[in-house]
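Residues per chain are reported as follows:
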Amino acid sequence: MSTVRKYMMRTMNSVCEEDSIEDVIRVMNKIEMSVLPVVDDENKFLGTIYSRNLLKNIIPEQYGFLESHRLLYQVNQAAENLAEIKDRKVKEYMSTNTTAVKENDKMDNIADIMLDNKESYLYVVNDDNKLRGYISRADLLYYLLEVGEDQQ
Amino acid sequence: MITTVTLNPAIDREYFVKENKPKSHQYLYTERDIKVSPGGKGLLSAINLRKLGYSDVQNIGFVGGRQGLFFEKMVQEHGITTNYIFTESEIRNNIFVISREPVTYTHYNDYSYKVEPGDVENLIKRFRRGIVDSDFIMISGSIPEGVNFSIYQRLIQICHEAGKDVYLHASGEVLNRALEERPKVVVPYFKHTNKILDKKIVNDDDYIWAGKKLQEEGAEYVMMPFHCSRLLFDKDGDVYKLTPRDFCLRNWLGAGEAYNAAFFDYVYQHGFDFLEANKYAAGAALAIAESKDIFLADRAMIKEKSDNIIIKKLEV
Numbered sequence: 001m002s003t004v005r006k007y008m009m010r011t012m013n014s015v016c017e018e019d020s021i022e023d024v025i026r027v028m029n030k031i032e033m034s035v036l037p038v039v040d041d042e043n044k045f046l047g048t049i050y051s052r053n054l055l056k057n058i059i060p061e062q063y064g065f066l067e068s069h070r071l072l073y074q075v076n077q078a079a080e081n082l083a084e085i086k087d088r089k090v091k092e093y094m095s096t097n098t099t100a101v102k103e104n105d106k107m108d109n110i111a112d113i114m115l116d117n118k119e120s121y122l123y124v125v126n127d128d129n130k131l132r133g134y135i136s137r138a139d140l141l142y143y144l145l146e147v148g149e150d151q152q
Numbered sequence: 001m002i003t004t005v006t007l008n009p010a011i012d013r014e015y016f017v018k019e020n021k022p023k024s025h026q027y028l029y030t031e032r033d034i035k036v037s038p039g040g041k042g043l044l045s046a047i048n049l050r051k052l053g054y055s056d057v058q059n060i061g062f063v064g065g066r067q068g069l070f071f072e073k074m075v076q077e078h079g080i081t082t083n084y085i086f087t088e089s090e091i092r093n094n095i096f097v098i099s100r101e102p103v104t105y106t107h108y109n110d111y112s113y114k115v116e117p118g119d120v121e122n123l124i125k126r127f128r129r130g131i132v133d134s135d136f137i138m139i140s141g142s143i144p145e146g147v148n149f150s151i152y153q154r155l156i157q158i159c160h161e162a163g164k165d166v167y168l169h170a171s172g173e174v175l176n177r178a179l180e181e182r183p184k185v186v187v188p189y190f191k192h193t194n195k196i197l198d199k200k201i202v203n204d205d206d207y208i209w210a211g212k213k214l215q216e217e218g219a220e221y222v223m224m225p226f227h228c229s230r231l232l233f234d235k236d237g238d239v240y241k242l243t244p245r246d247f248c249l250r251n252w253l254g255a256g257e258a259y260n261a262a263f264f265d266y267v268y269q270h271g272f273d274f275l276e277a278n279k280y281a282a283g284a285a286l287a288i289a290e291s292k293d294i295f296l297a298d299r300a301m302i303k304e305k306s307d308n309i310i311i312k313k314l315e316v
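Chains as they are written, first to last, in UniProt numbering: chain A, 1 to 152; chain B, 1 to 316.
Honestly, the hints are just simulated from the structure, not real lab data. Bear in mind the structure is a predicted one, so any value in this text is a computation, not a measurement. Note that beta-carbon positions come from the ideal geometry of N, C-alpha and C, so glycine has one too. Check each hint, because a few of them may be wrong.
Unchecked claim - Using 16 Å as the maximum straight-line C-alpha spacing, the simulated EDC-like pairs for lysine to aspartate or glutamate come out as follows: (1) B:K195 / B:D205; (2) B:K125 / A:D41; (3) B:K125 / A:D40; (4) B:K213 / B:D236; (5) A:K30 / B:E290; (6) B:K114 / B:E145; (7) A:K102 / B:E77; (8) A:K44 / B:D133; (9) A:K89 / A:D139; (10) A:K6 / B:D234; (11) B:K73 / A:D19; (12) B:K184 / B:E220; (13) A:K30 / B:D236; (14) A:K6 / A:D139; (15) B:K125 / A:D112; (16) B:K125 / A:E18; (17) A:K130 / B:D56; (18) B:K235 / B:D246; (19) B:K114 / B:E90; (20) B:K125 / A:D139; (21) B:K164 / A:E42; (22) B:K73 / A:D139; (23) A:K6 / B:D236; (24) B:K313 / B:D234; (25) A:K130 / A:E103; (26) A:K30 / B:D205; (27) B:K303 / B:E290; (28) B:K125 / A:D23; (29) A:K30 / B:D119; (30) B:K125 / A:E32; (31) A:K89 / A:D19; (32) A:K130 / B:D133.
What the hints assert, rightly or not - To give an idea of the interface, some chain A residues facing chain B are shown, with a C-beta separation under 10 Å as derived from the structure: (33) S14; (34) V27; (35) N109; (36) N126.
This is chain B alone, in the form it adopts within the complex (with noise of 0.2 Å):
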């Protein structure tokens, strides 16, 4: 079985219009221009695994109310296979409202659900016996309010306490806190704030430094996203600059997923190879990239653009 942790997940509601008119009413007549999904970086990396073909994989975390339940349903129809704590503050919902005449994107985030200390109990215990079948697990994405910006050490801690590796996509306080139970691979991500380990990254030189420093905290392997590229961190040491070449970028939208299934896809395969596992994971994200799905369809289309990345050490 392969675990996915996703503490913070959504239902997205993405609506279409010809123009995003304030102040008016607007009518939606057709399914084509409502789009209701759910939402959340490990559930949306656990979805990219099923379509690889992958039979028992499950997503743990919150969702809450009555629409929990609905979102339930929905992962559920991915061939997920759902292991929620049901809170009592209704899952948030996000709201996208895209117009084509002019293109505009006009984004709602709900910031709004909370859950309590014993939700919190419980989810440790559920995740402590859902982890038994994973060697890997994947923690990724935001906490919800309520939730200590420990809980991903703590997440950690029972991972390798269980002697299980960890693949953390995490940014913040809590991916901070979390470093100091050295996870075997780290991706932070920052586009909120632009700070790694409270810095703000700038310049090239920050981007090498906050790699560095990710490690020197904890992280045993480090990828850290660079502009269209990747900066990967060995854990000799080593750090190497991943690039796609001869791309034409459409959608980034759910290429970060499909690269940290795609990183799972190939470990699961092949065993650890930190630079080989990379390769195939940026060509999943490139093949996202450069077509309007935002999952991956089969391993044809990651092979197909593996042989577009390239690896080279940088001299640092």
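Next comes chain A alone, as it looks inside the complex (with noise of 0.2 Å):
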């Protein structure tokens, strides 16, 4: 039976609770990934912070209904509202309902986290809560590519 272990990124990007909004911003531009890992200072993993959520906190209406000539009034807003947050805590902002999986879950259950959580990405931890890394839809179906294959 496969298991997370097999199909996972391994990767310890992340950032910590008491780390910048500043940080995280550039970290997911330069690891072009939209959200992030937080842990404490031993790696253990405490939750995530998610790009969207920072823009929900930014950007004063929905972008797609304003009315074009209010637009760059709109994204000055963002702009200035995020220079007064990007000092603030990733503690602020993270979630911590976040569901991790641990390395030796079997690859057959994570479709059904990943659509109960509707999460792109799960992070994985091992037996100690500690980040490994984390597995992605497109690791899920690229596993399910290959069970197909093997049925054939």
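Both chains are sitting in their own frames, so use the hints and assemble them into the complex.
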């Protein structure tokens, strides 16, 4: 039976609760991820911080419904709002109700968790709840592709 | 978890051509003529450790730019856990052009990589929490521009505060400063400068002097490359010469990293026995030196070659 360990991406890219929002944005930009795991000073998984949550906090109204002449105003307002919160701590904006999976969990169970949580990424921890990487929807699909090929 | 540190990694790009002709276009049509791989002393040791069966091996360091993401993916394909600080500056690319007729080897070593002070502080933070599950940490290789020579000293200090031992494979000023923190094992390398502790190393007495001086300055144990052998400086002041016998050298590439990895493997399996760990590690280096591969395949190949390693005490 295939386990998460085989398909996961093994990376410790992460931030801490005390890091600033600016740090988070810079890391997200460099590693091209819109979500990061939050860990304590022993790498224990505490939750996640989403770019979506940050945007919700700085954009005054939903994009997409704006009249074009208001868009510039909204962008400027968002930039100003971001300047106000960029020195704030991760712990103020992180989500702590995030599900993590274990390296030895079976891949067959991952689909349920991903659909239930509507997550693109699930963070992977070891038995001590320490971060070891992540598994994505793409990894799940790749696994299912392999299962299908084996069945044929 | 096993932790190795590589602060100045590179993407190694090897191009194999029939003849290296300057001022002319050459075309490479087959995959086998191009090899792209992640490089860096600590990283290569980490790959060896994965091949020896350790499931949890991480590599900490800097990588840069968009090519840094490509580098990270290459490392992850080896099953290594990456723990990198991403910098603005692009990671280094080392170019090797290897021709068959005549046999030539042209190497362009890229030293353009630079990290910013903020990157260094981020690395320190990441390192501090990255080593919590490791008892013995390998710090290995050169440092990029923008990093102070005292970086290894800082990293070793963090390890010691957390009760961890350090295996240091370094050279030059960064090694000189690191000694102040008294690392457990020091393996100097000096092919670029031929100097250890700022002194030119020429004859046999210089090697003995350097080993003892490294201990005087702070190293507990020293393993000194000595032509095809090694000089081992034990904690109690004894000096040994480790020599391979009956061997046929094919390829030095990867031998040093196999040595470092196997030393760790021995310590993890049997505890810290300086001479026995070196004998085993030298078996690993010999196995690589006698093959065309640059990575260890398994422990059997190490054990087979360990019998060809002789360690003799020197009267110094």
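Cross-check of the supplied hints:
{"no.": "1", "hint": "B:K195 / B:D205", "in the structure": "holds, 14 Å"}
{"no.": "2", "hint": "B:K125 / A:D41", "in the structure": "holds, 9 Å"}
{"no.": "3", "hint": "B:K125 / A:D40", "in the structure": "holds, 11 Å"}
{"no.": "4", "hint": "B:K213 / B:D236", "in the structure": "holds, 14 Å"}
{"no.": "5", "hint": "A:K30 / B:E290", "in the structure": "violated, 41 Å"}
{"no.": "6", "hint": "B:K114 / B:E145", "in the structure": "holds, 5 Å"}
{"no.": "7", "hint": "A:K102 / B:E77", "in the structure": "violated, 20 Å"}
{"no.": "8", "hint": "A:K44 / B:D133", "in the structure": "holds, 11 Å"}
{"no.": "9", "hint": "A:K89 / A:D139", "in the structure": "violated, 31 Å"}
{"no.": "10", "hint": "A:K6 / B:D234", "in the structure": "violated, 42 Å"}
{"no.": "11", "hint": "B:K73 / A:D19", "in the structure": "violated, 26 Å"}
{"no.": "12", "hint": "B:K184 / B:E220", "in the structure": "holds, 5 Å"}
{"no.": "13", "hint": "A:K30 / B:D236", "in the structure": "violated, 48 Å"}
{"no.": "14", "hint": "A:K6 / A:D139", "in the structure": "holds, 10 Å"}
{"no.": "15", "hint": "B:K125 / A:D112", "in the structure": "violated, 35 Å"}
{"no.": "16", "hint": "B:K125 / A:E18", "in the structure": "holds, 11 Å"}
{"no.": "17", "hint": "A:K130 / B:D56", "in the structure": "holds, 12 Å"}
{"no.": "18", "hint": "B:K235 / B:D246", "in the structure": "violated, 30 Å"}
{"no.": "19", "hint": "B:K114 / B:E90", "in the structure": "holds, 8 Å"}
{"no.": "20", "hint": "B:K125 / A:D139", "in the structure": "violated, 30 Å"}
{"no.": "21", "hint": "B:K164 / A:E42", "in the structure": "holds, 14 Å"}
{"no.": "22", "hint": "B:K73 / A:D139", "in the structure": "holds, 14 Å"}
{"no.": "23", "hint": "A:K6 / B:D236", "in the structure": "violated, 45 Å"}
{"no.": "24", "hint": "B:K313 / B:D234", "in the structure": "holds, 10 Å"}
{"no.": "25", "hint": "A:K130 / A:E103", "in the structure": "holds, 11 Å"}
{"no.": "26", "hint": "A:K30 / B:D205", "in the structure": "violated, 50 Å"}
{"no.": "27", "hint": "B:K303 / B:E290", "in the structure": "holds, 14 Å"}
{"no.": "28", "hint": "B:K125 / A:D23", "in the structure": "holds, 13 Å"}
{"no.": "29", "hint": "A:K30 / B:D119", "in the structure": "holds, 12 Å"}
{"no.": "30", "hint": "B:K125 / A:E32", "in the structure": "violated, 21 Å"}
{"no.": "31", "hint": "A:K89 / A:D19", "in the structure": "holds, 6 Å"}
{"no.": "32", "hint": "A:K130 / B:D133", "in the structure": "holds, 10 Å"}
{"no.": "33", "hint": "S14", "in the structure": "holds, 8 Å"}
{"no.": "34", "hint": "V27", "in the structure": "holds, 7 Å"}
{"no.": "35", "hint": "N109", "in the structure": "violated, 21 Å"}
{"no.": "36", "hint": "N126", "in the structure": "holds, 8 Å"}
When each numbered hint is compared with the structure, violations occur for hints 5, 7, 9, 10, 11, 13, 15, 18, 20, 23, 26, 30, 35.
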